[in-house]
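Asker: If you want the building blocks of each chain, they are given just below.
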Amino acid sequence: MERLLLITTLLAVALIAIVIVSLRRAHIRVEYSVSWLAAAVILLVLAQVPNVLRWIAVWAGIQDPPTVLLFLVTGVFLVVFYRFSVIISHLRDANIALAQRVAILEFRLENVEDGRS
Amino acid sequence: MNPILSEGRALILVPARNEEGAIGGVIDEVLSLFPRLPVLVVDDGSQDSTAAIAKLHHARVLRLPHHLGLGGALQAGYRLAFELGFEYVVRIDGDGQHDPTFIPAMIDAVSRPNVQMAIGSRFVESNGGYTSRLRGLGIRLFRACLRPILGKTVRDPTSGFVAVNREALEVFSRSFPLEYPEIEALVVLRRRAFQFVEVPVSIRPRRTGRSTITAVKSIYYLVHVMLGVLVNILIFDRRRWR
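Protein chains in written order, with my numbering: chain A, 11 to 127; chain G, 13 to 254.
Simulated from the structure, these hints should not be mistaken for laboratory data.
Since we're looking at a predicted model, the values are computed, not measured.
C-beta atoms are modelled at their ideal positions from N, C-alpha and C, and glycine is treated no differently.
Relax, there's no trap hidden among the hints.
Listed below are several chain A residues computed to face chain G (Cβ distance under 7 Å; list not exhaustive): (1) I106; (2) A109; (3) Q110; (4) V112; (5) A113; (6) I114; (7) F117.
Please model the complete structure; the sequences and the hints are all you need to start from.
Answerer: Below you can see the structure in the form of structure tokens.
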């Protein structure tokens, strides 16, 4: 259990470090880093306060606290991935509408220029 | 000749991606039959000379900045057609499979009162040729699923030979399925209580190239379309309940 919590702590710290470095290098925008930082902080709290895990294990009727950790990690990352799917869908819609508008404006501009020449 | 054709009130919409081998012939064939009809080729990010050849053959070309997929390309064409004030749009494929001699029948169909869309159907009375066994199976499945949704049988729901009037054009310019649009478009129209008819047409083999549809793609297509139909029904029901 202790080793698992240590690994989880290291992973959470590594995740926070990667996100901060990515932010500094402008590889990721602040609004999209929030989900990852929140996920990392949740993992850190779970790893550093084992009583939370034990309490959840008792509440959920799970014998083994590490199994709870596994479930929670999976749950946290599923929420993050779902949030990004929503964002990607919005971006794709916006991208398609923008590409169509650019094409139509270019078409109309060419017609105007052809009419002048 | 139907005044719609002779007065250029309809637009022929040809979505195309990497169709340099066929597009010139398709445009020439349409313009030789209907010289007053404008042909709009929507070039969906082709990497070959599709756009240049289309221009050379006197088509207007709407060049998308990058590949959007069939639905995105079609919607761009519908948007432009609506903004330019066209009353009818007939969509044909850029590979030469659709015979333009059926265009007048398609336009006649959407000129009728209370008909917003016409589908060129292989299965009404003429041949159903050049359809693979897998695609035939899919079409039968779609027919069975769509019948209770649309309230009537659509014999060729995957046909890309489609004519719409201005009412449907307005809807499609605002809301159009982006991937595999043919079947979902029927449900979109149904949500507005619009009507469609099927016009018997025959389909020819592709002029050049070969279909990229594989078994895996067909299964993905099937799942994607059924999910899209389901989503459209849910939207429909929610609006109806409000």
